[in-house]
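S.K.: These are the residues of each chain, in order.
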Amino acid sequence: MPTAHSIQRIESLTAFSESVLAYPIVLSIHLACIALFGGMILATDLRLLGLTFNSLTITEVVTSLRPWKRVGGTIMIAMGLLLAASKAETYAPNPFFWTKMIILGLIGVHALIFRPIVYSETEELDRSPVIPAKAKVAAILSLVLWTAMFVMGRLIAYWD
Amino acid sequence: MPLQNAVADALNNSEWVFALAECVHIGGFAVGVGTIALVDLRMLNLGLRRETAARILSYTELWTVIALLFAVFSGVALFLSQTDIYRVNLIFPLKMYVLAAALIYNFTVHRKVATMGNPPPLLSRFVATVSLLLWVSVVFGGIFTGFLV
Numbered sequence: 229m230p231t232a233h234s235i236q237r238i239e240s241l242t243a244f245s246e247s248v249l250a251y252p253i254v255l256s257i258h259l260a261c262i263a264l265f266g267g268m269i270l271a272t273d274l275r276l277l278g279l280t281f282n283s284l285t286i287t288e289v290v291t292s293l294r295p296w297k298r299v300g301g302t303i304m305i306a307m308g309l310l311l312a313a314s315k316a317e318t319y320a321p322n323p324f325f326w327t328k329m330i331i332l333g334l335i336g337v338h339a340l341i342f343r344p345i346v347y348s349e350t351e352e353l354d355r356s357p358v359i360p361a362k363a364k365v366a367a368i369l370s371l372v373l374w375t376a377m378f379v380m381g382r383l384i385a386y387w388d
Numbered sequence: 588m589p590l591q592n593a594v595a596d597a598l599n600n601s602e603w604v605f606a607l608a609e610c611v612h613i614g615g616f617a618v619g620v621g622t623i624a625l626v627d628l629r630m631l632n633l634g635l636r637r638e639t640a641a642r643i644l645s646y647t648e649l650w651t652v653i654a655l656l657f658a659v660f661s662g663v664a665l666f667l668s669q670t671d672i673y674r675v676n677l678i679f680p681l682k683m684y685v686l687a688a689a690l691i692y693n694f695t696v697h698r699k700v701a702t703m704g705n706p707p708p709l710l711s712r713f714v715a716t717v718s719l720l721l722w723v724s725v726v727f728g729g730i731f732t733g734f735l736v
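Listed in order, the protein sequences are those of chains H and V. Each residue of the first sequence is one higher than the one before, counting from 229 in the numbering used here. Each residue of the second sequence is one higher than the one before, counting from 588 in the numbering used here.
In case anyone wonders, no lab produced these hints; they're calculated from the structure. All of these numbers come straight from a predicted model, not from anything done at the bench. Keep in mind that the hints are not guaranteed to be accurate.
[Unchecked claim] Label-pair distances were calculated between CB atoms; the ranges are:
no., chain 1, residue 1, chain 2, residue 2, range
1, V, Ile653, H, Gly278, 18 to 26 Å
2, H, Ile359, V, Thr695, 45 to 53 Å
3, V, Met703, H, Ser247, 43 to 51 Å
Virtual Cβ for every residue (Gly too), placed ideally from N, Cα, C.
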């Protein structure tokens with residue numbers, strides 16, 4: 229894997245992965261973001277399913293958590309890329325890593341499909357007497373995709 | 588199919604039980620702390636403002652407790668699977684102290700202030716900040732337990 233080798237050999241990345249402190253610190257930040265950001269995804273999805281936060285409108289839950297999800301997601305992905313790039317040679321042949329990347333892509337597709345009809349149309353959802361099916365489908369798929377993403381992340385460490 | 592082989596290998600090797608326990612441990616922790624963080628976000632007045640912190644807490648508390656129970660029980664299983672490693676680990680006892688502090692804090696001070704009718708905003712902010720710092724410290728403790736043996 230020449231590409232993986234040259235990514236990993238980037239001087240700053242080598243220094244990073246060999247540092248006793250930097251690598252676990254970045255991994256801790258990655259995981260802390262999963263906890264904080266994951267709670268917000270869970271809250272949004274459960275609200276779309278009508279399972280909790282029912283005294284708050286869908287609009288309130290989605291819009292007030294949105295900026296924090298963006299901040300959390302950006303830090304999480306940046307840290308994740310740094311972790312993967314610094315160990316590019318180990319990650320390149322790892323099927324769990326690539327499955328995780330495919331799921332990340334699917335999460336992007338999920339956003340493309342459901343943002344215009346669910347997440348940007350929350351006022352329409354709030355006006356509806358029952359939560360429309362499209363919102364529940366979006367929520368269930370989101371829960372499934374993020375859970376799969378999380379499990380693949382953990383399994384990366386188990387491939388050799 | 589390298590993925591299928593990898594999955595089969597993982598399942599044929601008893602290592603998969605360990606991997607499953609780790610997933611439950613981290614997943615339980617993420618849901619538990621993620622739901623606490625929603626209360627903190629409200630106490631910091633940074634989101635979900637149309638509802639009181641007390642109400643956010645009542646919505647999330649059961650999720651928090653159940654998820655943390657999963658994290659604790661799977662954590663005990665992980666610990667029991669290799670006690671000798673944890674016994675000599677320099678960071679692990681620190682993680683346990685911080686965890687104990689975070690748990691006690693969450694169900695006493697944090698809960699008390701979150702359910703107050705009209706808490707001083709500064710008090711709410713302070714209590715929520717301490718809560719987030721404690722839980723993030725537990726994450727760091729967990730990762731460093733694995734790295735600095």
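S.K.: Please go over all the hints and tell whether each is borne out by the structure.
M.R.: Cross-check of the supplied hints:
For the pair isoleucine 653/V and glycine 278/H, the supplied restraint of 18 to 26 Å holds, since their beta-carbon distance comes to about 19 Å. Isoleucine 359/H and threonine 695/V have their C-beta atoms about 36 Å apart, which leaves the hinted 45 to 53 Å range violated. The hinted window of 43 to 51 Å between methionine 703/V and serine 247/H holds, with their beta carbons roughly 44 Å apart.
Hint check: a violation occurs at hint 2 only; the rest are consistent with the structure.
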